[in-house]
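Respectively, the protein sequence lines represent chains P, G and X.
Okay, so the first sequence: first residue is 1 according to UniProt numbering, each after it adds one.
Okay, so the second sequence: first residue is 1 according to UniProt numbering, each after it adds one.
Okay, so the third sequence: first residue is 1 according to UniProt numbering, each after it adds one.
Treat the hints with caution; some may be incorrect.
[To be verified] Result set (DSS-like, lysine-lysine): computed pairs, CA atoms no more than 30 Å apart in a straight line: (1) X:48 / G:282; (2) P:172 / P:159; (3) X:68 / G:113; (4) P:159 / G:22; (5) X:68 / G:317; (6) X:68 / G:370; (7) X:68 / G:287; (8) P:250 / P:384; (9) X:52 / G:198; (10) G:198 / G:226; (11) X:77 / G:369; (12) G:317 / X:52; (13) P:228 / G:226; (14) G:368 / X:74; (15) P:309 / P:344; (16) X:74 / G:315; (17) P:283 / G:151; (18) G:45 / P:3.
Don't read these hints as lab results, they were simulated from the structure.
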Amino acid sequence: MLKRLALIFGPVVVAAILVLTVMFVGPIDKHKHNLANEEQAAVSLSPTVFRQAYLKNMALSDEDHRFVPFFGSSEWNRMDAFHPAVLARAYHRNYQPFLLGQKGAEALTQYFGMQQIMQNMHHKQAVFFVSPQWFTKADQQSAAFQFYFSKSQALAFLKNQTDTFADRYAAKRLLATYPNVPYRNLVQKVADGQKLSNLDEKYLDFQGQVHANEDAFFSRFDIGTNLKKRVLPKVKELPQPYNAQALDAKAVQLGESQTRNNRFGILDNFFTNRIGSSFPSLKNAQAHFNYTQSAEYSDFQLDLDQLAKTHTNVIFVIPPVNSKWAKYTGLNENMYQASVRKIKHQLTSQGFNNILDLSRRGNEPYFMEDTIHLGWRGWLAFDKGVAPFLEHKQPAPVYHLNNHFISEDWNNFDPINNDVNTFK
Amino acid sequence: MMQGLIQWLQSIPNWQPYGEPKYFAWLLALLIPIVVAMFFGRRLKIYQSLVSLGFIVVMYTGASYHQLFALVAYVIWQTIIVFAYHAYRKNHDTFPVFAGAVFLAILPLIFVKVTPAIDDGNNSLLGFLGISYLTFRSVAMLMEMRDGVLKDIKLSTFLRFMLYMPTISSGPIDRYRRFEEDYDNVPTRAEYLDLLEKSVWYLMLGFFYKYVLAYFFGTILLVPLKAHALAVGGWMNWSTVGVMYAYGFDLFFDFAGYSLFAVAISYLMGIKIPMNFNQPFKSPNIKDFWNRWHISLSFWFRDFVFMRIVFVLVKNKVFKNRNVTSSVAYILNMLIMGFWHGVTWYYISYGLLHGLAIVVNDAWLRKKKKINKERRLAGNPPLPSNKWTTALGIVVTFQFVMISFLLFSGFLDQLWFHNIK
Amino acid sequence: MDIQADLIEMIDDLFMEDISDIMDEDLYNAGILDSMGTVELIVAMEEKFGIKVPVSELGRDDWNTGNKIVAGIKGLKNA
Numbered sequence: 001m002l003k004r005l006a007l008i009f010g011p012v013v014v015a016a017i018l019v020l021t022v023m024f025v026g027p028i029d030k031h032k033h034n035l036a037n038e039e040q041a042a043v044s045l046s047p048t049v050f051r052q053a054y055l056k057n058m059a060l061s062d063e064d065h066r067f068v069p070f071f072g073s074s075e076w077n078r079m080d081a082f083h084p085a086v087l088a089r090a091y092h093r094n095y096q097p098f099l100l101g102q103k104g105a106e107a108l109t110q111y112f113g114m115q116q117i118m119q120n121m122h123h124k125q126a127v128f129f130v131s132p133q134w135f136t137k138a139d140q141q142s143a144a145f146q147f148y149f150s151k152s153q154a155l156a157f158l159k160n161q162t163d164t165f166a167d168r169y170a171a172k173r174l175l176a177t178y179p180n181v182p183y184r185n186l187v188q189k190v191a192d193g194q195k196l197s198n199l200d201e202k203y204l205d206f207q208g209q210v211h212a213n214e215d216a217f218f219s220r221f222d223i224g225t226n227l228k229k230r231v232l233p234k235v236k237e238l239p240q241p242y243n244a245q246a247l248d249a250k251a252v253q254l255g256e257s258q259t260r261n262n263r264f265g266i267l268d269n270f271f272t273n274r275i276g277s278s279f280p281s282l283k284n285a286q287a288h289f290n291y292t293q294s295a296e297y298s299d300f301q302l303d304l305d306q307l308a309k310t311h312t313n314v315i316f317v318i319p320p321v322n323s324k325w326a327k328y329t330g331l332n333e334n335m336y337q338a339s340v341r342k343i344k345h346q347l348t349s350q351g352f353n354n355i356l357d358l359s360r361r362g363n364e365p366y367f368m369e370d371t372i373h374l375g376w377r378g379w380l381a382f383d384k385g386v387a388p389f390l391e392h393k394q395p396a397p398v399y400h401l402n403n404h405f406i407s408e409d410w411n412n413f414d415p416i417n418n419d420v421n422t423f424k
Numbered sequence: 001m002m003q004g005l006i007q008w009l010q011s012i013p014n015w016q017p018y019g020e021p022k023y024f025a026w027l028l029a030l031l032i033p034i035v036v037a038m039f040f041g042r043r044l045k046i047y048q049s050l051v052s053l054g055f056i057v058v059m060y061t062g063a064s065y066h067q068l069f070a071l072v073a074y075v076i077w078q079t080i081i082v083f084a085y086h087a088y089r090k091n092h093d094t095f096p097v098f099a100g101a102v103f104l105a106i107l108p109l110i111f112v113k114v115t116p117a118i119d120d121g122n123n124s125l126l127g128f129l130g131i132s133y134l135t136f137r138s139v140a141m142l143m144e145m146r147d148g149v150l151k152d153i154k155l156s157t158f159l160r161f162m163l164y165m166p167t168i169s170s171g172p173i174d175r176y177r178r179f180e181e182d183y184d185n186v187p188t189r190a191e192y193l194d195l196l197e198k199s200v201w202y203l204m205l206g207f208f209y210k211y212v213l214a215y216f217f218g219t220i221l222l223v224p225l226k227a228h229a230l231a232v233g234g235w236m237n238w239s240t241v242g243v244m245y246a247y248g249f250d251l252f253f254d255f256a257g258y259s260l261f262a263v264a265i266s267y268l269m270g271i272k273i274p275m276n277f278n279q280p281f282k283s284p285n286i287k288d289f290w291n292r293w294h295i296s297l298s299f300w301f302r303d304f305v306f307m308r309i310v311f312v313l314v315k316n317k318v319f320k321n322r323n324v325t326s327s328v329a330y331i332l333n334m335l336i337m338g339f340w341h342g343v344t345w346y347y348i349s350y351g352l353l354h355g356l357a358i359v360v361n362d363a364w365l366r367k368k369k370k371i372n373k374e375r376r377l378a379g380n381p382p383l384p385s386n387k388w389t390t391a392l393g394i395v396v397t398f399q400f401v402m403i404s405f406l407l408f409s410g411f412l413d414q415l416w417f418h419n420i421k
Numbered sequence: 001m002d003i004q005a006d007l008i009e010m011i012d013d014l015f016m017e018d019i020s021d022i023m024d025e026d027l028y029n030a031g032i033l034d035s036m037g038t039v040e041l042i043v044a045m046e047e048k049f050g051i052k053v054p055v056s057e058l059g060r061d062d063w064n065t066g067n068k069i070v071a072g073i074k075g076l077k078n079a
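So here's chain P without its partners, still in its complex pose (with noise of 0.2 Å):
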């Protein structure tokens, strides 16, 4: 009888002890650095990798190893042979781009990426890639933004809150944008500006631990292949040593070659594949487009105040839109124009002077991959500006944040009708 009994239960009790190791203790290596999973993760754009925490970490306290986090979106995703990842190997760069982006992530999903990696942030560096094309009147995709959240981001979050301003908002905006979000109870708590009880806090470091062995342990199951396939092969045909004049030569000789079908310098396989027989259909479809008044310009402040809190010295990147495209389809330039002012007055004015602005330059030919993505030259020309920026030692910035970007009235300010310098 018993016999039989432990060949029934038995196994399972095994199994069970197996999973506890793995939660409770987590893999035996997991304190380890490892070279090769860190550059596999930096430009995987893995979904995994953008959601957890244990290979953003690894690869950000890496010491012998730099690695910068450049959070943007999908345009880390065009990965041409100028791509920031592929330059940095290139030419041996003293850094190499952690990319943190994906198509649809905006600003909340910047946000409670950065809590994940707060300690590996603190006076250094990083690059920002911010879209216009973010701050859309509708509210953000709440589909995108459920998918890239996780367990542990909300950990993160609950752990790192110190019920400021921009924390209760931050929760507000949890709780509208994902309704059953994970540890509900504790985010509506810091909404409602309560102190966490020393039950709460015990809970989240033994779900935090918990959840940290779990990552440690799948996380090396979803690294990619973005390093084999997408860049190590785009490394071997750049010019050696570097050369900006041969370099430029070989973005227009390659964008030349790959953008022969449309009349918009528009990536061949793009227009055809994403473009396609919708093209008619296109014509003036973004004539009422408008990135001037967005709640996002609230949640951008809640990143912007999170990188003061870590004395994060960072340079915003800016990009235009494909000027040919954009006639087709109608997007007025003043109202981009107006928004790239938007975003501008809300950082400089709080003392992030470091601001590549390249929306001016969507007419350059070879600048724009796609409709509203870098390619070629443009991928140079950000490299022109963010590279002596992470190379060479730069003065410590000033922050200085004022909340009132954490409003409606912001939220709701007009750049087109009005001067962005008389808000304040």
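Given the coordinates of chain P, assemble chains G and X onto it according to the supplied hints.
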């Protein structure tokens, strides 16, 4: 007081059956006393009822608290109908009363199924998770009472049967007499050990199905495939073919996984509810498919819809030809099943498609029988029937089933009529 | 009146299958009876023997062989 109750229900977190690891942890922990008692030959009836009730309540708490009220009202309604008919049937037996009782029993379900179709996709307030499966149980009881095979029913057993926790949300659909027999008898220790062994295996297999395979097909594959198929658009494209297979496997592994959990938990309670799936993708023909896919449902339809239709048709000699009779009954049967899934064009055509397929399948089986008879009389060997013909049958059946699932998924509705780019 | 002989003849009429040698074989497994055939058999039995066989009585466990059906008919006739 009512307000307080509602607030309290809203404040309790909602736990869907077999939805997350925590659910299993609590459920299995609370089942330990039941398992130990079973092992020693006793059934803890009151404790089991309390635990079951607790897990039923948390199915309907949180935002869906109104479903709990709908459930209570529904059970009262069904109890009245079943017991009133039971009292009536002791001394009388007329068709109108029987038909009236069945109609009243399915009336709430009709409301719930029709409301979204006529009210712009809104759900009826009478609805709650599992209403179909409860209706199947009570309607089967009415039919068996009419037939005179179900004579004695007890209120306590009836309620336990209707509200049987492991299967309340999505089956498998048990029968009252079978349930009562299991419930009133405790399995011997040897039998119970067999049940325990199966239960552990089914739980593990269920985890693999639902949390590994269904996740792989339904989340990792299906989501991007759908997005891509919608982006490309048109009537048909390659990604939609991908959606078809990914959805088909997701549907199977998700539902089969769930069913395995239900069976496993039920076995722990010593109740041998029927299995719901038996390797359906290995069916060599479509008739056999319905003996392997969602078995408790298709057998319910066979016993309480198909056979009843055939009975009326044969008894009244409606059609001279028995093949016409069976064809009409098959198509009606599958159409009703389609309507039961929901009043939308794709569910109904899914039912119709399967009805037609069974008719064709049946015609072929008859033809084969006839040909073989003729060949035998002529001294020839029968038509080849070997692993190759079986394999061909499996491949054809599988493709047909997958196509029908694509229809069933509603994705074509989205692609064709609601594709907003 | 020989119920067994009548049943064998009835099944031969309905399904063109001779079950006289296989009275203990499962008629469903043998492919002789299916749900359609079950109902036809029920209707024929009702007419022939003047009994009422409920559809849900004819379960696949207790009415599944020739001999069991004969026993069932006898039971219902005496009831």
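Are the Cα atoms of residue 45 of chain G and residue 3 of chain P separated by 30 Å or less? With Cα atoms ~29 Å apart, residue 45 of chain G and residue 3 of chain P stay inside 30 Å; holds.
Keeping to a limit of 30 Å between CA atoms, is the pair of residue 283 of chain P and residue 151 of chain G held or broken? With Cα atoms ~73 Å apart, residue 283 of chain P and residue 151 of chain G exceed 30 Å; violated.
Straight-line alpha-carbon gap residue 250 of chain P to residue 384 of chain P, limit 30 Å: Holds - the C-alpha atoms of residue 384 of chain P and residue 250 of chain P are around 16 Å apart, at most 30 Å.
Between residue 68 of chain X and residue 370 of chain G, is the straight-line Cα distance small enough, at 30 Å or below? holds, 29 Å
Assess, step by step, whether the Cα of residue 68 of chain X is no farther than 30 Å from the Cα of residue 287 of chain G, and give holds or violated. Holds. Residue 68 of chain X to residue 287 of chain G sits at ~26 Å (cutoff 30 Å).
Would you check the hint for residue 368 of chain G and residue 74 of chain X, treating anything up to 30 Å between C-alpha atoms as holding? violated, 36 Å
Under the criterion that the straight-line Cα-Cα distance not exceed 30 Å, is the pair residue 48 of chain X, residue 282 of chain G satisfied? Not OK: residue 48 of chain X and residue 282 of chain G at ~41 Å, beyond 30 Å, violated.
Is the straight-line distance between the alpha-carbon of residue 309 of chain P and that of residue 344 of chain P 30 Å or less? Distance of about 20 Å is within 30 Å: holds.
Would you mind confirming whether the straight-line C-alpha gap from residue 52 of chain X to residue 198 of chain G stays at or under 30 Å? Measuring from Cα to Cα gives roughly 40 Å; hence the hint is violated.
Hint consistency between residue 68 of chain X and residue 317 of chain G [alpha-carbon to alpha-carbon, up to 30 Å]: Satisfied, since the Cα-Cα distance of roughly 27 Å is no more than 30 Å.
Just to be careful, I want the Cα atoms of residue 74 of chain X and residue 315 of chain G compared with a cutoff of 30 Å; is the pair within it? holds, 22 Å
Is the straight-line distance between the alpha-carbon of residue 198 of chain G and that of residue 226 of chain G 30 Å or less? violated, 37 Å
Of the numbered hints given earlier, the model fails hints 1, 3, 9, 10, 11, 14, 17; all others are met.
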